[in-house]
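For the record, the sequence lines run as chains A and B. Here the first sequence is numbered in numbering that gives the first Met the number 0, starting from 0 and rising by one per residue. Here the second sequence is numbered in numbering that gives the first Met the number 0, starting from 0 and rising by one per residue.
Capping the alpha-carbon separation at 25 Å, the derived lysine to aspartate or glutamate pairs in DMTMM-like fashion look like this: (1) B:LYS192 - A:ASP173; (2) A:LYS207 - A:ASP26; (3) B:LYS192 - A:GLU96; (4) A:LYS207 - A:GLU131; (5) A:LYS318 - A:ASP305; (6) A:LYS200 - A:GLU138; (7) B:LYS192 - A:GLU87; (8) B:LYS192 - A:GLU32; (9) A:LYS207 - A:ASP88; (10) A:LYS112 - B:GLU180; (11) B:LYS192 - A:GLU175; (12) A:LYS318 - A:ASP355; (13) B:LYS192 - A:GLU75; (14) A:LYS358 - A:GLU368.
Now the stretches of chain B that chain A is said to cover, found in silico as 3 or more residues with beta-carbon under 8 Å: (15) 181-187; (16) 199-213.
Everything labelled a hint here was simulated from the structure, so no lab data went into it. We put the CB at the ideal spot given by N, CA and C, even for glycine.
Okay, here's what each chain looks like letter by letter:
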Amino acid sequence: MSDTTPQTTLDESADVDDRDVSLRLEDVTKTFEDGGGEVVAVDSVSMDIRDGEFVVLVGPSGCGKTTTLRMIAGLEDPTEGRVVIHGEDVLGQEPRERNVAMVFQNYALYPHKTVRENLAFPLAIRKYPKEERASRVQEVAELLDIAELLDRRPGDLSGGQQQRVALGRAIIRDPEVFLFDEPLSNLDAKLRIEMRTELNKLHARVGKTSVYVTHDQEEAMTLSDRVAVMNDGKLQQIAPPQTVYERPANLFVEGEAVRATRAVLQTLGERLQAGDATDLVFGVRPEDVTDTTVVDESFPPETTFDAYVTVVEPIGANKDLTLAPSESAPEDEEFTVRVDANSTAQPGDTVTFAVDMSKAHLFDRATGENLTL
Amino acid sequence: MASKDLGIEQYRRRQRFWNVVESPYVVHLVLFLSVFFIVGPLAWELLTSFKTNQAVYNLTYLPREPTLESYYIALFDRGFWRAVVNSIIIASASTVAVMILGTPAGYVFSRYRFPFDNLVFTFVLFTRLFPPIGLVVPYYRIMRFFGILNTRTGIVIAYVYLWLPLVIYIMRNFFITIPQELDEAARVDGCTKIQAFRHVVFPVVLPGFAAGTILTFLYSWREFLFAFTVSTDLSSMTIPVATYLFVGDTSIQWASMAAAAVVATIPSALVVFFFQRYIVVGLTGGLKR
Numbered sequence: 000m001s002d003t004t005p006q007t008t009l010d011e012s013a014d015v016d017d018r019d020v021s022l023r024l025e026d027v028t029k030t031f032e033d034g035g036g037e038v039v040a041v042d043s044v045s046m047d048i049r050d051g052e053f054v055v056l057v058g059p060s061g062c063g064k065t066t067t068l069r070m071i072a073g074l075e076d077p078t079e080g081r082v083v084i085h086g087e088d089v090l091g092q093e094p095r096e097r098n099v100a101m102v103f104q105n106y107a108l109y110p111h112k113t114v115r116e117n118l119a120f121p122l123a124i125r126k127y128p129k130e131e132r133a134s135r136v137q138e139v140a141e142l143l144d145i146a147e148l149l150d151r152r153p154g155d156l157s158g159g160q161q162q163r164v165a166l167g168r169a170i171i172r173d174p175e176v177f178l179f180d181e182p183l184s185n186l187d188a189k190l191r192i193e194m195r196t197e198l199n200k201l202h203a204r205v206g207k208t209s210v211y212v213t214h215d216q217e218e219a220m221t222l223s224d225r226v227a228v229m230n231d232g233k234l235q236q237i238a239p240p241q242t243v244y245e246r247p248a249n250l251f252v253e254g255e256a257v258r259a260t261r262a263v264l265q266t267l268g269e270r271l272q273a274g275d276a277t278d279l280v281f282g283v284r285p286e287d288v289t290d291t292t293v294v295d296e297s298f299p300p301e302t303t304f305d306a307y308v309t310v311v312e313p314i315g316a317n318k319d320l321t322l323a324p325s326e327s328a329p330e331d332e333e334f335t336v337r338v339d340a341n342s343t344a345q346p347g348d349t350v351t352f353a354v355d356m357s358k359a360h361l362f363d364r365a366t367g368e369n370l371t372l
Numbered sequence: 000m001a002s003k004d005l006g007i008e009q010y011r012r013r014q015r016f017w018n019v020v021e022s023p024y025v026v027h028l029v030l031f032l033s034v035f036f037i038v039g040p041l042a043w044e045l046l047t048s049f050k051t052n053q054a055v056y057n058l059t060y061l062p063r064e065p066t067l068e069s070y071y072i073a074l075f076d077r078g079f080w081r082a083v084v085n086s087i088i089i090a091s092a093s094t095v096a097v098m099i100l101g102t103p104a105g106y107v108f109s110r111y112r113f114p115f116d117n118l119v120f121t122f123v124l125f126t127r128l129f130p131p132i133g134l135v136v137p138y139y140r141i142m143r144f145f146g147i148l149n150t151r152t153g154i155v156i157a158y159v160y161l162w163l164p165l166v167i168y169i170m171r172n173f174f175i176t177i178p179q180e181l182d183e184a185a186r187v188d189g190c191t192k193i194q195a196f197r198h199v200v201f202p203v204v205l206p207g208f209a210a211g212t213i214l215t216f217l218y219s220w221r222e223f224l225f226a227f228t229v230s231t232d233l234s235s236m237t238i239p240v241a242t243y244l245f246v247g248d249t250s251i252q253w254a255s256m257a258a259a260a261v262v263a264t265i266p267s268a269l270v271v272f273f274f275q276r277y278i279v280v281g282l283t284g285g286l287k288r
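Isolated chain A, as found in the complex (with noise of 0.2 Å):
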């Protein structure tokens, strides 16, 4: 496989009927001018997105996620590739002839408007009758339970309130794709994780084609139907959450979009691979790794390994422990694993870990590919 267009081979949606696609992307591609240079923002992205589907773009910052979806909007142009939304494509046009609504980062609310007007304007822009934008603003603000706020102004809002507002304006008026731009980010950790399992709600309600970004890999797992993991401008995977958590496509995407543990044993995997070791990468989720002296039952000595723990850090259920090869390994060595919380493991310990080798995957070093699926 050529590690140009891996997406390819990765994209399980590849045989999805043509009358169920909502959204397609078709070889994307963006290239910025920066100072003389030229700087491929997004390389070549292809996806079918399902009507009704909550794809998730997910990856760290600058890896082109959101320059994605400004192109989906229009607020963009692709340099190459076509986007196709419900079987038109729509390149060239402007973001208000592509009936798709977008949620941003900052809530862009209209501040000298008042909520209501807020919610109105899409509909008011259109030149809606006004009874029916009357209607329909206080459906949606029954829906997101912000009736009683519909005469304030966004500044008057507090963060969660502003988060309500955004979306209402952008299903009022019933687009074809819902575009998502980092929209909980903002947010301080708790509401963060009601507005998750709200918008959940909400898509189920709705079950609106969405397309969502986002760098936090728990909004990405727990939102999607399928996740899109991007590095470097370019897709890695895209799969349901579950597939991508336990048969990650590459090095990065177990490393970087799930938080596993990017945990190279070197030892282990020369004892597994005999012979090529030095190309190999050896990964296992940190929840795939046992503290072997509080489990009562053998390992095969294959699968254990012995590590120096540095960190201790109790989460309830499990225990976390920062491990390093060796007392004096340096830092960039250290790896995380989660174990029982019955753990008795200190700092300064040597443990003996096992690794549920069912779990476990190697990649080539070179091209961080999984050999392993």
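For this one, chain A is given, so just place chain B on it according to the hints.
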């Protein structure tokens, strides 16, 4: 030990010094002097304007027989009411022209990338750096070439030239404080680019626009050099220029000049009084959010 005590003693002495400096008495003294220097000349002007041109030389502060004679001389005998009308027309027209041209220009500089955009913007600012006196002669020749010396149009064109770069700069800074997501949200919600500007961006920038308008009006109202160069008769003369005409070859008619100056000051004072909030916003170049 001793040096430490000395240090503390020094610290305390410095504290006492600053306590005195920051005390209400000193603050009020400074304030009083500042106000005196600002209000003093204005008061002199106002008092003098109620004297007759002869009474000015009586060397009393208060007018002995307060009279509006000087105002009458300035406005009607000399016909300077026409200069007041000219000033109103010229300041209003140039303000409208500058805002109509400068607001979209500032918006474009704040939002769009185009070839040589920074260079163009720098050039716009650069034109503000020349001392106006250095431009008066070429400007005079251009106006003569087009035959619009001694016309209000000639002065309005000068003011557009003078204040437009400033307004472009001020408006650009206001637009920069407005997040671009607002324009984008409006466009996704169904606006064309121009509708997004009209329905969303412009209403939000309105306080800044008001500030720009008021500043331009005040600057145009008080401008002297270009108006003085372009106009020599009452058909286009502005009130600051007319005021200066009381300086004669052999004598200065102080009282009439003071009266004309008071007339020239009143509109500015009213604008400042009613719109000070926007003037502060305009000068500091930021909208409170």
